[in-house]
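Enquirer: We have chain A; now place chain B onto it with these hints.
Below, each chain spelled out in residue letters.
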Amino acid sequence: MTNAWTDIKNTDLVIVMGGNAAEAHPCGFKWVTEAKHHRGARLIVVDPRFNRTASVADVYAPIRPGSDIAFLMGVIRYCIENDKVQWEYVKNYTNASYLVRDDFGWADGLFNGYDEEKRDYDRTAWEYQLNEDGTVKADPTLADPRCVWNLLKEHVAAYTPDFVENLCGTPKERYLKICEMIAATSARDKVMTSLYALGWTQHSKGAQNIRGMAMLQLILGNVGLPGGGVNALRGHSNIQGLTDIGLLSNSLPGYMNLATEKEPDYATYMSTRGNKPLVPGQTSYWQNTPKFMVSFLKAMWGSAATKENDWGFEWLPKLDVPYYDILRMFDMMSRGEVNLYFCQGFNPLLSFPNRAKLTEGLSKLKLLVTIDPLKTETAHFWENHGIYNDVDSSKIMTEVLQLPATCFAEDEGATVNSGRWLQWHWPGATPPGEAKHDTWIMANIFLRVRELYRKEGGVCPEPILNLAWDYKDPTEPEPAELAQEMNGRALQTLYDPTDPTKVLVEAGKLLPNFAVMRDDGSTMSGCWIYAGSWTEDGNMMARRDNSDPGDIGTFLNWTFAWPANRRILYNRASCDLSGKPWDESRKLIEWNGEKWAGFDVPDIAVTAKPETVMPFIMTPEGTGRLFARRLMRDGPFPTHMEPFESPVENPFNAKLRGNPVARIFPEDVEQLGTSADYPCVATSYRLTEHFHYWTKHNRVNAVLQPEFFVEISEELAAERGIVKGGRVRVWNKRGEVWAKAVVTKRIRPLICGGKPVHVVGIPLHWGFMGAARKGFGPNSLTPFVGDANIDTPEFKAFLVNIEPAAEEASS
Amino acid sequence: MSERAPEPVTAAANPPIQPLPSNLLASDVIRASATAELPAPERQLTQVAKLIDVSKCIGCKACQSACIEWNDTHPDVEENVGVYENPHDLTPDMFTLMRFTEYENPKTNELEWLIRKDGCMHCADPGCLKACPAPGAIVQYSNGIVDFISDNCIGCGYCVTGCPFNIPRVSKTAHVSKKCTLCSDRVAVGQGPACAKACPTKAISFGTKESMIELAEERVEDLKSRGYDNAGLYDPQGVGGTHVMYVLHHADQPSLYAGLPDDPQISPVVRGWKGPAKTVGLAVAGLAAAGALLHGLFARANEVTPHDDEEAENLVDGAGHRGREA
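Residue numbers (the numbering used here), protein chains in the order written: chain A, 1 to 811; chain B, 1 to 326.
Derived from the structure by calculation, the hints contain no laboratory data.
Source: prediction; values computed, not measured.
Among the hints, a few may not be true.
To be verified - One side only, chain B facing chain A, incomplete, derived with CB under 7 Å: (1) Leu38; (2) Lys61; (3) Gln64; (4) Trp70; (5) Glu78; (6) Gly82; (7) Asn86; (8) Glu102; (9) Val189; (10) Gly190.
Claimed, not checked - What the simulated footprint calls covered on chain B by chain A, stretch by stretch (three residues with Cβ under 8 Å from a Cβ of chain A suffice, anywhere in the stretch; the number is not a length): (11) 29–37; (12) 52–60; (13) 222–232.
Backbone N, C-alpha and C define an ideal beta-carbon position, used for all residues, glycine too.
Chain A extracted, bound-state conformation (with noise of 0.2 Å):
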């Protein structure tokens, strides 16, 4: 989230769009009904089904699943083609008057530099024009028809309100009620939050979705602003944590990337990492990199790094494809090229699509080891369950060590929510049985891996022999030891650098933030965003004051919020130019004549001058991106792109199947289906009465919720003769499954190019472990593709088949 669960309080209206915040986060739902309660706040809610969230809404309108690109490029050319546009935050706050490249274009959906055989785009054009010192072109009256919002204008036109209505469903007067909402919070005082989850992530275009929404909160003025963002709803009470702390196999801890094996050093590492303002006097924070690295080298090797040995970067692993992602790790195992796999707090056997090729790379593996407090279905992925997993256990020889670990109540440390609050917790219970924490299986598995690399060598030992350990109990690092160490330390005394008689901080001292940071060797942290989270004041997470004395849900008292105990990302923005609150009701910060000061801490320099340095920190420009320049594999603007099963062709070209870059191996193309054979188009989402695939091992969540459904609109009900709770049998090329049917008034069948869509919803609990009723996931049907920038696959827009089944056999 830019903002945070605490801030939705403050807004006027509420967009749950990509997402069903309700059913998915419901104790963060409490601030939406306390927006609507004591502010007056409206929602909207835009969703293939009438779910949990609607029911609550002001404004339902229905969407075709994976069309929401084209739904928020239409909102765009609304609110251009009405003016409703926030001029003053536009015109400052964001790239829209730089100029762009002569050879940047589109046309048929695709953007220029577009190579079919690899897949992928030349880049290249997509960029600013550049002065001679290296300086960005523009045009502030935005006249020059090469500046970045003509091109956005041009780019949006073809998103008429029939284009949408025609290609999404929604009917247009319903989506002309939204455009119309959401334009009326362009005014100063007026302020939209956006709230999302994987209802847009898992789609193979889920990161332009994300951009259409971001782009849309720019043109609006509401991105900085209490009450406004692009707030990510995440998954997991600690994903938010994972992503932190870099646990992606492209990540480092605190954002930064992994090397690939064209920067084999240091040096040609940093070479493209300089970040040099584009705009002059612009932050351009990401200058610092050099600090953040050399201090988690330092975390990681200790005295083994030094300035001579490039602080141990040659360690560090290279890539040689962009990212070892679960669905290109799972293709390598269903072609057996991995022979042992570590599954740690992890269920991918429900929780990755093509659950047949899941069973076939689990099945070639010679080892798998389980990490989990509970019995997973990956775990027992060789057992035979009749239907539900249908699998000859004496084929497979797959040996499997189940490693039994403890749950979130049972340890102590913190889990980061979606608002990047670390919330330190303190174990509730006792652990059961021989279960251990996941801190000592991994210190007792790589204890007894670096002793054999010390006794037996082996190829590249320095990077395990090497490892800093230094804990209390190696075999059991602390909590709080390994939060200091992800906070950091000064290794020696340091000076500050403009009064060199000043001792910033000793020699051994917790770090009380990421602006001390070295690239000198003398400091070290895991993870530099966490700065500030554990300092010689104690442990920041553990607080809990909920005191908030601006009355705008800061609570600045409550636990930690990265980056420096920020709550609004981007919040210099909630002032205008000269430093003033855009709505002086809900002022957040403002420009005091000396410095920024209020009720969050500034992301900004506290005494950079109003009108001289822009308020988007991380960018070299200090704008906001409309044009996102080279950074997205498949386009500087969002386009609309079909999901890769879909029941109409691309309007804009008949022949592209899916995100034209993403990429899919040769054997799941041969999977994929068309709607001559599965003509309904199926999504996948979460109840409220279940986690996941955890809470089905829980009897009250099993009692709630007991057995897997689907669910279908009367009309496909009665096209197929199918009745209500009766059982029906789902089907495509990668699999099937039997569920019960909730037939409902709540999805209806779409009106898109002209012919009618039916909407099939899987709900994704049940599995063949656990107290509920033995059923299935989404997951035994969706395709095995991601999005072309992370691929998180798509399991939001896939295409099925459904018919009545018999009863099932009692046994």
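Expert: Leaving out everything else, chain B in the frame of chain A:
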């Protein structure tokens, strides 16, 4: 006087850290079933109420979950029968239930998904208590809570007949009637009801009846600003008002919400049999049953004969059907 637990006035009220004696005493009982004369209460507790704002309810079932956990009940893992209600009805192990109704509003042509938390309404004039032949099996405290005292219950099911909301359910194994207690055991020690505390969206509030009515007025105003001209409070006077109330978008049509009675009344049969006239009422229900019940009551208060059982089952089933029709 020794320090007793405070009366809770919010859903989130937390009890003091040190254990304090209950603040809901036998002497706070103002009415008891089949008991003509009670000693005059020494004090009047603050009247409490639970307000369920259906316009804030997202149907998440956290209330059901909290109810199961707090009361330590064990509902069955049932099947899906094509709806979101699970369990499919109130049971002796499920005192509260989200009921879901898909309503196409003919005035707006909009679909509405009306979600109502069903459960005991804690009537000011409780039909269950009036119908109950077992002395002290149903009591009403001066704060408005209507509670079933299982130790005195004979499982006859008359309370089901007496209830205009079709709430109590008789356990076929324990032979006692069960329903929501408004968490009398929590309220007694300074805590709000478990469901209200668990509710993530503050759709369930708890406090003094007066403050709940005020809150409802605020909510009704907000709903009217959103076009719900008939929004209002459901506090039906046919049963003397209730200590569980609803904010409804369509207060003119309560029955839209999964058959919430438009104008609940205690059945005339039950109304007729109170105090000394009780045997007459029982005669209406069946003389044989009355004899057996009286025998059961005085001989072995907690046990029932097979005959009682049979009669009770007939009554319960009959009441169930009537409830559905209502």
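Enquirer: Work down the list of hints and note, for each, if the structure agrees.
Expert: Each hint, compared with the structure:
no. : hint    : verdict
1   : Leu38   : 38 Å, violated
2   : Lys61   : 5 Å, holds
3   : Gln64   : 6 Å, holds
4   : Trp70   : 11 Å, violated
5   : Glu78   : 5 Å, holds
6   : Gly82   : 3 Å, holds
7   : Asn86   : 5 Å, holds
8   : Glu102  : 5 Å, holds
9   : Val189  : 21 Å, violated
10  : Gly190  : 21 Å, violated
11  : 29–37   : violated (count 0)
12  : 52–60   : holds (count 6)
13  : 222–232 : holds (count 3)
Violated hints, listed in ascending order, are 1, 4, 9, 10, 11; each of the other numbered hints is respected by the structure.
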